[in-house]
Amino acid sequence: MLIIRPLQNTDLDALYKMTQEAGKGLTSLPADRELLQRKINRARASFEGRCEPEASLYLFALEDTDLQRCVGISGIEARVGRDEVFYNYRVSTLVNASRELDVHVRTPTLNLSNDMTDTSEICSLLLSASHRGGGNGLLLSRCRFMYLDDFRSNFSEKIFAEMRGVSDGEGRSPLWDALGSKFFDMEFSEADVLSALGNKSFIAELMPKYPIYIPMLPESAREVIGRVHQNTEPALSMLQAEGFNYNGLVDIFDGGPVVEAFIPGIRTVRASFTRPMELLEGPASLDVPVSERVMVSNRAFADFRVTTIPAAWVTPDSVQLPADVAAALRVKAGDELRLAPLKDLSPNGPRDEAEPEQTKFNRPLREE
Amino acid sequence: MWVVRPAQPDDLGSILQIVRTRGRGLSSTLPRDRHALDERIALSRRSFAGQLSSEQFSTYGNGRFMFVLENTEHRKICGVSAIDSRAGNGEPFYSYRRDCLIHASRELGISRRVEVLFPSHAITNRSLLCGFAIEAELVGTPAFQLLSRARMLFIASHRHLFADEIAVEIQGLQQPDGQVPFWDSLGRHFFNMDFKTADEYSAKLSKTFIAELMPPSPIYLSLLSEEAQRAVGQAHRAAEPACKLLESEGFAPGCYVDIFDAGPVLEARTDQLNSLRSSRTKVLDSNDHTGGPDYLLAAGDGIRFRATLGPAKEETGRAATSGDARERLNCRAGDALCLANLIDESAVC
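If you read the protein sequences in the order shown, they are chains A and B. Just so you know, the first sequence maps onto residues 1 to 368 in our numbering. Just so you know, the second sequence maps onto residues 1 to 349 in our numbering.
These aren't lab readings, by the way, just hints derived from the structure by calculation. Be a bit skeptical, because a hint or two may be false.
[To be verified] Chain B side only, calculated, beta carbon under 8 Å to chain A, not exhaustive:
hint	residue
1	His-103
2	Glu-107
3	Val-114
4	His-189
Just so you know, these numbers come straight off a predicted model, no measurement behind them. We put the beta carbon where it would ideally sit given N, CA and C, even for glycine.
Produce the entire structure from the sequences given, and follow the hints as far as they go.
Written out as structure tokens, the structure reads:
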């Protein structure tokens, strides 16, 4: 059985291994035990209510109960831009028009912005290669929307995600080469690592503050602004299917887009419903195709648990769980559980991702 | 011989020819359109005569003065130069201020110098030398010096008409094929037109009109093409003699450059100009003096202003020159004569 639960101290080794596995392709999540331990500490404090809601970071582990090991994580940063300054570029349009000159030129411009300050961010999604497919990426990503809705007062109404921008096999970003590197003598991969270590706002302070006129950048840089890395395309279509849209902001380093949605409008939130639990007697098989499974959450703040079950277990007035699933979710008969489809019903929905969804894991850590 | 005098209506054809053949050398400071040039000459006449309407006065300040260089033997106009009493002529005068910012991070132990071009109106309302154009074969000759420096002598004898600070824009770098690297890297993106076309519009409308369509924000130098970065503050080769002459007058490049081609803006304190400091005004004697080196000579108020090259003999409070020079200056014994030494040509060209 695969189950979502809060990240724990005992997950450190597995998490470290996953970050090593992700390797060079995901320099924004360096394999750094100390850094990962700090993340876990912060997540523990958040789930246990030991830190302010606004300063919280909720990290969820995907545990394979057979292996008794964490095989993926995903997270929610309650608010960005509180201790550090959160920067993006806003892609805006400057129109230059003159009737006398018969000129009407539109100049796309990058304006430095802190617009996402105090907004909740979904982040830190990473899935072990051994567990890709089978809807596990969807579960890791979508379980967060049920959490966001059930504990809405802890989050902003608007939710966003920063999507990884374009870089090549060597970790070179065309936008960084044309822009950032002119102000900061460093390779993109190095800057990205520094960011992940919590220095992003320091680097941002070295970046240009005045608008950047995009036509003045080389074509290689112009064309990646607002575009995602090839490996992130499945993640983008998944979020788009949830109702997330590009909001005109991009990452200041690699130009990756920011997508946003409002909690009440998120597809998983809208499609979810509650049922009281009943114990399912007799033989029960979890082994059904992804398209016939639904997510079920225990709606607990400190010990949030989600798994997927066959849709057939959901009746008009109850959800029936066998004892082992109920135990894994830490629920008992009569508890009101929350259910939502795992996969999109529309034919245009995202394919079951072959590649892991990769959002950025680049929030500066706070010392705790 | 040569005389510099205020432009008059019948100079129109000659001036047009000079302006048009010089083409880009003049940039936009004098109109290349017959009607516009005619109006400019009329404005110049009223400025010299101190007869600006109150509306003109509020726009142009003390006015826009245009001088011509005339060959008195052939009665031929061979050059033109001008002074605007206030740069911008009632509108903002655009330049870029080349400046620097330090992007530093205490936490990362990094400090970088970042060069930025800031849009600036600082030159607005300073006095501005402009419109200089002369036949190519006269470049570097005493006539060249006369045409340029006559303006300084006019300022010396009409100091109250001009600001305490004075500037002049020098044409910027242009490649042999007519491409302007700075424009291509910056302005072109906002106009969808090449430099030549923009320059033509600039002459037809006003420079401010075009400048207002330029990007309103500062420009990071490091984001321009390398050719454009190199062009910032560089004078066009053809403008070098004029530039050197102005430098010998005491003009120096500061932090301002032209917003279209990034040519340097030379600046000076009006009272510190060499011609203003070294020129002296004496009472003209009736006796003739011939022989010896030529001087820059100027006489006459306002519309009667004349400058020429001629011999001179100076005594305390008095000076004599040749009968020809007196004739060219249209003055007689007892009038005030302004004298200045010629600058050694080898130092200029």
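Given hint B:Val-114 near chain A, where the shortest CB pair must fall under 8 Å
holds, 6 Å
If you take the shortest Cβ to Cβ gap from B:Glu-107 to chain A, is it below 8 Å?
holds, 5 Å
Quick check on B:His-103 please, does its C-beta sit within 8 Å of some C-beta on chain A?
holds, 5 Å
Close enough to count: is the Cβ of B:His-189 nearer than 8 Å to one in chain A?
holds, 4 Å
No hint from the list above goes unmet by this structure.
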